[in-house]
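Q: One letter stands for each residue in the lines below.
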Amino acid sequence: MSNSSEGSGRSRTEDEPRVVLERRPPRSTYLAGAVFSLVAIVLGAIGLYVEYLGEARAPLLALGLSGLLLALAALVLLGFRSSFAFRTEQGLRPYAPPSSDGSPGVSEALGLSAGRPRRIFVGLLGTGFAGLGAALLLPLRSLGNRPSEGMGQGRWRRGTRLMTPEGRPVVVQDLPVGSSLAVVPDGNAGDYPSVATLVRLAEVADSSSEAGLRAYSRICSHAGCAVSIFNRADNTLVCPCHWSVFDASTGAVVSGPAPRPLARLPIGLGEEGYLVAMGPLEGPVGPPLGAVQPTPKSPRSRRVV
Amino acid sequence: MARSFWESRLPLRTGLQRAVRKLFPSHWSFLLGEVALFSFVVLIVTGVYLALFYRASSVPSVYAGSYAPMRGRPLPEAFVSVMTLSLDVPFGLVVRRMHHWAAHLFIASLLLHAARVFFTGAFRRPRELTWWLGLAMFAQALVSGFTGYAIPFDLRGGASIRMALTTLQSIPWVGGWLSVLAFGEEFPGSLILGRLYLVHVLLGPALIALILLGHLYLVVRFTHTDYPGPRRSESLEVGGPAWPDQAARSTTLMLLVGAFVAGLSAFLPVEAIWHYGPFQPYAFYEPLQPDWFLLWIEGAYRLLPPQLNFHLIGANFTGPFYGAVLLPTIVLGGCAIYPYLEQRMSGAIQRDHHILEDFRVTPFRTAFGSAGLSFLVLLSFGAINDRMATAWHMSVSEVNVLWRTVTLGVPPVLFLALYVAGRSIRARRVGARPRRQPFDWLLSLATSGVALVAAILILRDRIRRRIGKNRLG
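Protein chains in written order, with my numbering: chain A, 1 to 305; chain B, 1001 to 1473.
Partial pick of chain B residues on the chain A-facing surface, computed with a CB cut under 10 Å: (1) Ser1233; (2) Gly1240; (3) Ala1248; (4) Val1257.
The hints are simulated quantities; they were obtained by calculation from the structure and are not laboratory data.
Quick caveat: nothing in here was measured; it's all calculated off a predicted structure.
Where is the CB? At the ideal position from N, CA and C, for every residue including glycine.
Let the sequences and hints guide you as you build the complete structure.
A: What follows is the structure, encoded as structure tokens:
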């Protein structure tokens, strides 16, 4: 079946004589030790969690991990010893595979075909390594900070000046009727969730200077791209990334894949005629997370005036 | 018999049958290589974790972590990332320490494994290739150890990069070009950290893994060697099969290696880079030594006298070249050709060897290996000449003179003593007249010659110092 006879003169290995010199049968007393080790593993994992959530001192964490691995080593050795006969054999050099015809399956080859001992062996080692896996979740947890409430809500506060990305404060006259401008908060120009779009709508009934000014989060609620186009003719804001279209007067979704409106930034006139925010962004910024977040308190309720 | 999902898709029946029946000898010393293997596993796992935090950049960024004395200072990004990992990431310091100690265990177990192989003659035909792959792995392990020491870009790391630059530059004729190509810019530049990092996390591990695969393949192909004992011979092997005996032993050993490394990490802090601070071209820290496995090269750096420097057709031969290029080449190259030399010298018929030799019946090999090792150990102590000077109330140059004498004098004496003693021990153990080794006394003569030359060199140094003193006085 397989061309196992590599080279010449290896045919003697067809039925390779193997002499079993010694056989140490499994002993059930080992089982008690294995169970004891398993308890130590579980305790070690619990201890690691306690220390990690507490002070997370490096020497104690290392000691806990060391103890857990030590107990797991004992479990593996005792688990094997309680389930298998260990052998010392004598064989011919060089080593060559036995003929493949009629070879037993994997379980038979591993001596794992019996019912109860197999379940015990697999159960013991499975639980032990699951304990190690549980402990190793802790360093994975350290990869990043907890996603905090309000993260990604931007840094706009009442009185924060609107600035162009180049760092100029914005006055109404900067914006002709029917145009838009990207704005960032004064002092936090690099903060990604804060970027906003300031628009001056084309058709408004009131002709006062502030009327028709709107500001929205510039981050699309679909996939997080920049909503960079103001379509004056339709009075819409468009994200060219996946073509979500929002009403420029309200921020509501007009068409496209976006699931929710753009967060609105309340604005007003500050000192010297510069435009300022009247509060933080209203509503969630950007696309929804995969996990349901606790609803942030409505910023509107905290607004003064 | 119904085939399982996996059995019907993978060559499990034949492959597993074959693997399961591989025999492993029972002596503990065969586990040294496995310790190295499992240290490598720990290194990969912890290294991947560290790489998730490390930034290979020397660009300054303002440190805002929890170590108050450095807060608000612009520090190299690489340094900051290691600081943050160590002090502000729970479990970060544990993983860093484990990586550190696993690296030391890796190299230590490689060394012990190599010593076992050498002193029992396991490198003999047909296993020369296995021996060479092991040597290559050791060389790469030293390089990886060095790059790992360098990339946090603390004061020591930066200093070691500077020494690597010197080493490259010192190579006759081509050194200047090599250093320019390796660094890309004026030292330190912004490229070298990224390049060292690439060597440390990609090229090095890939090379070690490849060598490892080849090494293990050959181990299986040639079967394990074994110590002399009942029921085993050059044609018969004795041991426990891979499953369940060796599977139980190896898995246990792997977990024990992990437990040992974690245990070391609990009690032994790794070098706290915040004590040294970031690399500054104007600063240094004293006393400063590299990791123990590079001390022999550092020792050569410190002990080699400038009198050995010379010019030859447009090239400079200098200390850094001797210490960090020539010396490792000679040591590793010597190890590589040793199987061939021994075969030639013994004059024995070429045949395969599977049964190991007792080190007490191989006087030349034992004496030669011990003398060589003693040379490297003594040379390593040369790297702490500043500490020895402090401890012994001597000047560093006095320590240098003393230690050059010791380093060059002890190995030949040790060789002769062990060789003479070994021959009589062998005569007593083997009884009959030992096999002829016609080159034995020639080699002893040669070694004595080296000692003589060393003595002359040292004397010359003394005389020069005396002349210098007189001139000054």
